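Peer 1: Line order of the protein sequences matches chains A, Z, W and L. Take any residue in the first sequence, count from 1 to its spot, add 94: that is its number in our numbering. Take any residue in the second sequence, count from 1 to its spot, add 94: that is its number in our numbering. Take any residue in the third sequence, count from 1 to its spot, add 94: that is its number in our numbering. Take any residue in the fourth sequence, count from 1 to its spot, add 94: that is its number in our numbering.
For the record, the hints were derived by calculation from the structure and aren't laboratory data. All of these numbers come straight from a predicted model, not from anything done at the bench. Mixed in with the good hints there might be a few duds.
Chain copies aren't distinguished; within one or between two, either way the pair holds.
Unchecked claim - Computed cross-link-like contacts, DSS-like style, restricted to lysine-lysine with a CA-CA straight-line distance of at most 25 angstroms:
#	residue 1	residue 2
1	Lys357	Lys280
2	Lys145	Lys381
3	Lys280	Lys391
4 protein chains.
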Amino acid sequence: MLPLKPIPPPRRVMLYPREDGPAAYGAATQAAASLTERGIAVVVPAHVHAKAGTDGLELPASAVGVEIDSLPDNIDLMIALGGDGTLLRGSRWVADMGVPVVGVNLGDLGFLSAYGREQLLEVIDDALAGRLAWEPRLRMAVEVHRAGELFARGTAVNDVYIKHGQIPRLLRLATRVGGHDLALYKADGLIVTTPLGSTAYNLAAGGPIVAPGTEVFTITPICPHSLTLRPVVVAADDGVTVTWAGPTAGVSDGYLTADGAWKIGLLLGDEIRMRAAEMPLRLVPAKASVFEVLAAKMGWSGY
Amino acid sequence: MLPLKPIPPPRRVMLYPREDGPAAYGAATQAAASLTERGIAVVVPAHVHAKAGTDGLELPASAVGVEIDSLPDNIDLMIALGGDGTLLRGSRWVADMGVPVVGVNLGDLGFLSAYGREQLLEVIDDALAGRLAWEPRLRMAVEVHRAGELFARGTAVNDVYIKHGQIPRLLRLATRVGGHDLALYKADGLIVTTPLGSTAYNLAAGGPIVAPGTEVFTITPICPHSLTLRPVVVAADDGVTVTWAGPTAGVSDGYLTADGAWKIGLLLGDEIRMRAAEMPLRLVPAKASVFEVLAAKMGWSGY
Amino acid sequence: MLPLKPIPPPRRVMLYPREDGPAAYGAATQAAASLTERGIAVVVPAHVHAKAGTDGLELPASAVGVEIDSLPDNIDLMIALGGDGTLLRGSRWVADMGVPVVGVNLGDLGFLSAYGREQLLEVIDDALAGRLAWEPRLRMAVEVHRAGELFARGTAVNDVYIKHGQIPRLLRLATRVGGHDLALYKADGLIVTTPLGSTAYNLAAGGPIVAPGTEVFTITPICPHSLTLRPVVVAADDGVTVTWAGPTAGVSDGYLTADGAWKIGLLLGDEIRMRAAEMPLRLVPAKASVFEVLAAKMGWSGY
Amino acid sequence: MLPLKPIPPPRRVMLYPREDGPAAYGAATQAAASLTERGIAVVVPAHVHAKAGTDGLELPASAVGVEIDSLPDNIDLMIALGGDGTLLRGSRWVADMGVPVVGVNLGDLGFLSAYGREQLLEVIDDALAGRLAWEPRLRMAVEVHRAGELFARGTAVNDVYIKHGQIPRLLRLATRVGGHDLALYKADGLIVTTPLGSTAYNLAAGGPIVAPGTEVFTITPICPHSLTLRPVVVAADDGVTVTWAGPTAGVSDGYLTADGAWKIGLLLGDEIRMRAAEMPLRLVPAKASVFEVLAAKMGWSGY
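In isolation and in its complexed conformation, chain A is listed as follows (with noise of 0.2 angstroms):
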């Protein structure tokens, strides 16, 4: 089990909604509205900011609109209001500086958030009580090396996916594990996920759930054109490294994703390295286990 780290009570308070548009917007209100009555500060997403007074969102005259890429680094607390995806992606912005994350779902089940929807007085109320307390989940740096020098580089919490683009074509991927050959995937394309992005894309391509607490990546290949690659659970910290390899005649396109949200073209001998990223995600844990979640989504307990 991970070990939980008490958060203290915050002072400044960043609320991240849900990116497309008003879904979250009366959720947002009414937290800035408590956090604010009871002499929290309230950070927005400078686009949220712009926003206030339409839509229904209504901010108080104090919350401040920050630009997302560029955070001060006094915020002690990000409130994501949605579901897993909205946290994964407001995480993206915070969890290097350490901030811990909390979820409020507002949609269907999902693995990551704390709180209902109807708990959003209560997510403020244990927060300010210094009750909530945050367990680290492993992250991955990336690296997209091209010609011999750093071309691009960025984080995942969940997963992240090389592969081809509109013609499909079987790519070619070369992959080694802390200093090892692993394979030379023949496939749709490659999966490396943290145990948090094992129930996404990996489970649709066959791969394992991965629990919390682990600090492995798995390696899973899409469509593989070999029947004997399966999926390959590694350590984290021995890093993964994937070089698309050639022949260079009738290659399709070929494309890097990361949780979904990061997406950059890739060019044949482009090399992908994946370790574990050094800041963990600081994420308030679901009261249910990954476990229950799952029985419930998948009718595991059923007699």
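Chain A is fixed; fit chains Z, W and L onto it per the hints.
Peer 2: For chains Z, W and L alone, coordinates are given in the frame of chain A:
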């Protein structure tokens, strides 16, 4: 990557030839002679010692036969002469005592043996020169509790499986991890495997390959009744507990097997507790990584 | 879609209640009374007839008990009272004679029963009004040849599997289709299934779902040693022959099971020949298609 | 087993060399010369004819170049020079006209080509001696309906798949078989394959191997969101209809690909109707059965 610990030159070596008879006696004869010549004490299992002078087995007069289940505590190294199975079975007797094990492979390509047949004298040279080193490999401690009391205990280097007997009725196996319910498996059976055992029965049943150096157990159902019951990877520290659940009518017989070697019949209600053994297996690793062996066995590297 | 053949109003009906005792006796009592009242002769298995007057089973004086393995040839319809398993087992005794079978489901949702418990009198109404119709469903004729001679024969509506016994050693099963070698399976066992049986053990072992109306057998290995051994769908007309191949040393025990009901021990060298039975099962189909049942059982239709 | 129909000695033969240029021109030069010498008319695709005199391609003066999409109706035989892909693509143009196709394999082991490179003159000998014979192989007729009208139509010898485009959002694919709802697939896409195509993309996506001579389509989802959505085998006569279902917000782009050769973009709401083509592919089968090829490719026969 796993840390390597050097093995000091041994003064007493146990030879463990393959169990099914004369096939490994030539190698045992040669190794015993070479060790004795160089002043190293030789120990063999009593049932092997009893065969000396027959079937091509010659042992020096100084070689000692010992009961395999009450070994002296002064053995410095076990040399297993056979394949992966021989090494697994031999290691069962010495792993708890912290005796390092090295394999000389007399058969097909395997994952565990560090030396090939033609290297029989080389392993002795390396041992006496202090050039051998071991890596820790996760082992499993297993307890069977019946009617609230400890009924049996054992260990597994590879895997434990719980399965129906001759009448192939579904077993209902209530499974807990770290004190939380995981799932009620309705299946032919259930495999719990260490990383080392992941390429054995687990792979045939649809489980992932798990690299050495990860501290995880993998739980893989055998022919599960529900399609949502997929392999699950959990932290070894959390432990896995399986209870053979009812109903009591129409049940099959059931049994537990560890490493294909230790087998006991189960009763309805039995609880099987698996956790990381305190003492890991001290294995002299093969020079080829598990991935290189897989690549060779499965054709992963081919263009 | 399969052709539907109307069933003329029956003059003699066999009731086949679930085998495990009184659970289905209420329904049998009710059906026997209704049929007798309406002038239809009632037949039941002798072991059921012997229970009349006990356990809530009441039979009219005119009801006849018959030995299940030497049925008279004047039965016009079998009504199975139970679940899919009851219908399967009941049909074993009448399918070769071309007697149509209709199921009244007393338990969980199933694939085979056309009527629910509350429709017990409705099925009788429909039968007497000539409103029932049957579809042909592929059955399997099975022969076991030992030392060159026919040793046993039987049929299967669902599936045949060949599997190790209590000692779970790999079986080597040399398999031929239409006179051509298919594969040498090294596995816990092998399932050969009709379309009807494809949603049973075959599905748990990783096989595909096969729609009724296809004239195919599906061959699915159980925990195959080689990852390339995938399920294979073949024309039923070609037949499937499986030989339990050596080596002779270290073999397990093996057995064959048909429809979970007929079980015989196998010897090394036994050859099992499976082909389409001449007489298909004449089944009154469920109003819901197999897909609708699957959708309900598995949540396929959900948005 | 499939019936074999003899092919009378041809008077006009179409040569179809691999499309990607000079690789197959040597074989085409040799075949064209041999046929012309023996008084058989030679036809080649116009784009090949235009290359005569370059890249090592020499054609007799009498050889005729024809537009591939408006072939004359007097072709008696197509000889495909290349691998399985070449034969598939070549057959697209002649299969509807009932022209038999025979492959000369210039590359890796394949399933479709009856002759190897060194047998180029042998196939001509066999053809002229009337020793060739074809088997019928199930093909698929495909229609795309848009807004209630026929938008496009084509055929497939191997498979049709419907898949997301560059943005890998889940597609919702409402699927019907024989007029009944099968399932609403939420997946990266869906493959519908003939028996011939079952060893291609279908196998990589987890589908079964389907023997030639079965009149079935196999429906295999690509990375389905739900673990219960397994491959389904249905009677080809029943047809398969797939509708790209909403919701309309946040949808990906989608497209349809037939035999990897014919590709069209899809719009939400498009309905794809697949049924058995009236004219099967008339294929001169490989001497080795599909099982022997599989055994060789996959090592199925090894002890």
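Peer 1: Now tell me if each hint is right for this structure.
Peer 2: Going down the list of hints, with the structure as the test:
In this assembly of identical chains, Lys357 and Lys280 lie within 25 angstroms of each other by CA distance both inside one copy and across copies; the values are 21 angstroms within and 22 angstroms between. In this homomeric assembly, Lys145 and Lys381 never come within 25 angstroms of each other (Cα to Cα): the closest approach is 33 angstroms inside a single copy and 54 angstroms across copies. In this assembly of identical chains, the alpha carbons of Lys280 and Lys391 lie at most 25 angstroms apart only when taken from different copies (16 angstroms versus 33 angstroms within one copy).
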